[in-house]
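Peer 1: Okay, here's what each chain looks like letter by letter:
2 protein chains.
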Amino acid sequence: MSHKLLILAQDENKYRALIEEARLVNLDFATQPAENVDVVLGEPSRIKAALASLPALSWAQSIWAGVEPLLGSVARRDYILTNARGVFGGLMSEYVIGYLLAHERKMLQRLEDQNHKRWDESDTGTLRGKTIGLLGVGSIGAEVARAAKFFGMTVCGYTLNSETSKHVDKYFHPLESDSLLSDRQTEQQAAPLQRFALQNFASGLDYLVNILPNTVDTRKIVNTDLLNALPSHALFINVGRGQAVDESALIEALNQNKIAGAVLDVFEQEPLPQNHPFWTTPNLLMTFHTAAPSLPEDITKLFIENYKLFNAGKPLKYQVDFEKGY
Amino acid sequence: MSHKLLILAQDENKYRALIEEARLVNLDFATQPAENVDVVLGEPSRIKAALASLPALSWAQSIWAGVEPLLGSVARRDYILTNARGVFGGLMSEYVIGYLLAHERKMLQRLEDQNHKRWDESDTGTLRGKTIGLLGVGSIGAEVARAAKFFGMTVCGYTLNSETSKHVDKYFHPLESDSLLSDRQTEQQAAPLQRFALQNFASGLDYLVNILPNTVDTRKIVNTDLLNALPSHALFINVGRGQAVDESALIEALNQNKIAGAVLDVFEQEPLPQNHPFWTTPNLLMTFHTAAPSLPEDITKLFIENYKLFNAGKPLKYQVDFEKGY
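Those protein sequences? They're chains A and B, same order as listed.
Sequential numbering from 1 applies to the first sequence in the working numbering.
Sequential numbering from 1001 applies to the second sequence in the working numbering.
Here chain A stands alone, though its shape is the one from the complex (with noise of 0.2 Å):
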């Protein structure tokens, strides 16, 4: 059976070329959405938006590991999603190990001695020896854990029941039965043992990572109580989904320096707007979802290995549960 492939990213050729060289057997390309498309490679805000135009659909593979545009309760099923994991774990480790080496080597304020031609021998921090904590700890998490690891940390890991990295020393999890965080009924006694086991992986950290997806029991769940169970000298890094944070509390922790520094690589609106506070805020860093990027040649070995699965009519690798949201 023949299959025809639309790719929908900005890389298009960079796509097409790296998918053409592989010589996949019974696939074709589509330049524009049509009928006779069943699979789709892209972006999924651009899958999203062409949906309506691709009635046989089968299989959408996301370039991203987000895939919030194409879930919710009112969004199409009728098809496989899946999207890209193991290729951002090594991307996401360099950019929270740079970004805490930055932190602990102190390197805006030695270039502000360079600036002034101070000589400033006083002495820097090590990675070695602190505690780190992993909201969330799937293949990324699992990476990070790992970069922990070899540079001497102490690695704590908050998950919903998960323990399947062995780079974490110490897991949390929101409540002592695995099985209620999911049961609606219960939510409302689940919130505050919840918010003490959060609290309690908090306090012991010396810097705070979430790698969460977008979920409904994600959000904000970097909030007033879980800043103020963080020690004054915390660092928080977000390189999860920006929904995970309630930014009102994160610019209340650091103007009154209740915590030491936050960087940020995601947000609720992105861009960020303009007139968005956290452009002035103090000992805030930013980057703009720049942390992991999407790399063709990653991302296209991931495609190939899955066409060929496809092909064979066998279980697609990285599948997304619409239910879940991951």
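No lab work stands behind these hints: they were computed from the structure.
Ideal Cβ placement from N, Cα and C applies to all residues, glycine included.
Take the hints with a grain of salt, since some may be wrong.
[Claimed, not checked] The calculated label-pair distances, taken between Cβ atoms and stated as ranges, are:
1. M1001/B to F196/A: 27 to 35 Å
2. E112/A to M1001/B: 50 to 58 Å
3. N311/A to T1224/B: 21 to 29 Å
4. N1036/B to E112/A: 44 to 52 Å
5. K170/A to D1123/B: 31 to 39 Å
Following the hints, position chain B against chain A.
Peer 2: Frame of chain A, contents of chain B only:
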């Protein structure tokens, strides 16, 4: 036999407390230079100043890796000099990886973006797949090599003749015959060969890191020829000794964009003079001999280990060869 220890370090009290805690046998403390002091622990420059008042000196443990003040043809050599080794590798690795990530992740450009409220989605680079060249692969270089491999780099090592680190993918040496370099009589004919080997080493690098000690063979090894051999996108980091760099040549290379940038922690003259052109050279980041601080906890462990050998009459670890200079 009883031993008398004099501590000559800024952190004297910290060192004394840590050593007292260890309750070493046969060890008393002196508070100033005296005839019966046979052991000193401290900074090389302070040890040098006290040498004339230490007639019974048998062993000096430096808290630094570099011991230049205690070397030279007229220096006293009737005692065992040991330096600090094996404790700086992790700190140096943090420094090198931190500044490589700052470079690849365009941290300063992102900061500029933030200051100008610019949402800049342009992609950042990655360490993965890059080639790093280490000038000198001793215990520190081996640790930097290990960190480079962790982040997926190819590691080239330039050494006199040793090939001891398994984390170095390819070694380069000054000459085809290992024995020539230290043979002064052949220096004239050796020089062109050394230049060729260095240029060959440099031409394939994305990053060049100097970790060499300061010896007659390493002075100004980073000169115009070597800098010209580097690709124009290369970054140079010096965590070894300032004497290894021809500073005028480096300033010229940076001013003419022959290389992408430099990060310097060490200088020919320290503190760097106020009128030194480095303060205002473009694409140059400086720190102030703070890349790998001597942490009393680390150094004391090393001293205690050596003291036990000393007290037992056994050979000490990390002995400096007064002739070779390291």
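Peer 1: Determine whether the Cβ-Cβ distance between N311/A and T1224/B falls within the hinted range of 21 to 29 Å.
Peer 2: Hint violated: Cβ distance 57 Å, outside 21 to 29 Å.
Peer 1: Note whether the CB distance of M1001/B and F196/A lies within 27 to 35 Å or breaks it.
Peer 2: This hint is violated: roughly 60 Å between Cβ atoms.
Peer 1: Can the suggested window of 44 to 52 Å be confirmed for the beta-carbon pair N1036/B and E112/A?
Peer 2: holds (48 Å)
Peer 1: State, for the Cβ atoms of K170/A and D1123/B, whether the hinted interval 31 to 39 Å holds or is violated.
Peer 2: holds (35 Å)
Peer 1: Is the gap between the beta carbons of E112/A and M1001/B within 50 to 58 Å?
Peer 2: holds (53 Å)
Hint compliance for this structure: hints 1 and 3 are not met, and every other hint is.
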